[in-house]
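Undergrad: Sequence:
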Amino acid sequence: MAMPAMRAPAVAGLFYPGTADALQQQIQRCFLDAPGPGRLPLAAPEGPRQILGLVVPHAGLVYSGHVAAHAYQHLAEDGLVEVAIILAPNHHGLGADNAVWPEGGWETPLGNMPVAADVAAAILEATPLAHADPMAQLRDHAIEVQLPFLQLLYGAGLSIVPISMKRYELDAAIELGEAIATAMAGRNAVVIASCDFTHHEPASRARTQDERALEMIEHLDPAGLFRQVQTHGITTCGYGPVAAMLAAARRMGAVSAQRLAYHTSGEVTGDYDRVVAYAALKVMRPASGQES
Numbered sequence: 040m041a042m043p044a045m046r047a048p049a050v051a052g053l054f055y056p057g058t059a060d061a062l063q064q065q066i067q068r069c070f071l072d073a074p075g076p077g078r079l080p081l082a083a084p085e086g087p088r089q090i091l092g093l094v095v096p097h098a099g100l101v102y103s104g105h106v107a108a109h110a111y112q113h114l115a116e117d118g119l120v121e122v123a124i125i126l127a128p129n130h131h132g133l134g135a136d137n138a139v140w141p142e143g144g145w146e147t148p149l150g151n152m153p154v155a156a157d158v159a160a161a162i163l164e165a166t167p168l169a170h171a172d173p174m175a176q177l178r179d180h181a182i183e184v185q186l187p188f189l190q191l192l193y194g195a196g197l198s199i200v201p202i203s204m205k206r207y208e209l210d211a212a213i214e215l216g217e218a219i220a221t222a223m224a225g226r227n228a229v230v231i232a233s234c235d236f237t238h239h240e241p242a243s244r245a246r247t248q249d250e251r252a253l254e255m256i257e258h259l260d261p262a263g264l265f266r267q268v269q270t271h272g273i274t275t276c277g278y279g280p281v282a283a284m285l286a287a288a289r290r291m292g293a294v295s296a297q298r299l300a301y302h303t304s305g306e307v308t309g310d311y312d313r314v315v316a317y318a319a320l321k322v323m324r325p326a327s328g329q330e331s
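Counting from 1, position 123 in the sequence shown corresponds to residue 162 in the working numbering; the numbering is continuous, with no gaps.
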């Protein structure tokens, strides 16, 4: 399939508003309204740049946008970023197992975001597991819903590398993550794992299940995350991307992770019997001067 120069929005008007003004207003409300962080983000030019990775949800903004806002608030306060690698699950089963969008750009109602073609090429060169393949991402929402947040933070000053993962295997996720770390050497970059947690279970059980997965993320443990999800049947949509992000961040020097927010769809719908759960976490390297 020929690579389109620009990836058109697939879920504008569905997962988020389809016009620039309405979308900007909703993104701002995700930050300002409870349970969001309560303030608008301002990218700090002199931030410490400790954040190497994020876990961010990918549902419709009315359900998970306030949780996502916590992750992006912390990223903004951490300083300016040049490249965001966005790892996401493949919801439609199309395309390669690890599909990289290698060039061109992605469009939202807020404008176009360029793809960092040099970083994408470096990832493709670093591992045979990754393939240049537009098919996997043409209809999927899990990367697209992250872009308006990044556009609000950085405008045209940020480029992206979208990667969709279809088949989750621990060794492959770690290899992909380490290839990403290799490709990002010397770059001011962040790896974003797009992930929703327990699906369609009572809120109390969802929290119990998700605590098992969240603890492994906080321990920077991809193998533990795979083990907990598979042993306990946790319906996490995106644990492969999270494991790859953790592998990349560890290779780049990450030493800690912090949970920023956890909520469920029940807090929006009032239905706590069948919720989808959302979490935001950040993965960090040591502060300058604290390296061991």
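You may find that some hints are simply not true.
Cβ-Cβ distance ranges computed for the label pairs, FRET-style [what the hints assert, rightly or not]:
1. E250 with G225: 35 to 45 angstroms
2. L53 with G132: 17 to 27 angstroms
3. A44 with H271: 27 to 37 angstroms
4. L53 with P74: 44 to 54 angstroms
5. P153 with D312: 40 to 50 angstroms
6. E116 with H170: 29 to 39 angstroms
7. D210 with R68: 16 to 26 angstroms
8. R244 with T58: 36 to 46 angstroms
Simulated from the structure, these hints should not be mistaken for laboratory data. Quick reminder that beta carbons are idealized off the backbone N, C-alpha and C, glycines included.
Undergrad: If I claimed the Cβ atoms of A44 and H271 lie 27 to 37 angstroms apart, would that claim hold in this structure?
TA: 44 angstroms, violated
Undergrad: Hint says 36 to 46 angstroms; check whether the CB-CB distance for R244 and T58 agrees.
TA: Given a distance of about 38 angstroms, which is inside 36 to 46 angstroms, the answer is holds.
Undergrad: Okay, E250 versus G225 on CB: inside 35 to 45 angstroms?
TA: 37 angstroms, holds
Undergrad: Could one say that the CB atoms of L53 and G132 fall in the range 17 to 27 angstroms?
TA: Between L53 and G132, where Cβ atoms are some 19 angstroms apart, the hint holds.
Undergrad: Go ahead and decide if the range 16 to 26 angstroms is satisfied by the Cβ distance of D210 to R68.
TA: 42 angstroms, violated
Undergrad: Do the beta carbons of P153 and D312 sit within 40 to 50 angstroms of each other?
TA: 44 angstroms, holds
Undergrad: Quick check: does the Cβ-Cβ distance between E116 and H170 fall within 29 to 39 angstroms?
TA: 36 angstroms, holds
Undergrad: Assuming the hint says 44 to 54 angstroms, is it satisfied by the Cβ distance from L53 to P74 or not?
TA: 23 angstroms, violated
Going down the numbered hints, you'll see the structure goes against 3, 4, 7, while the others check out.
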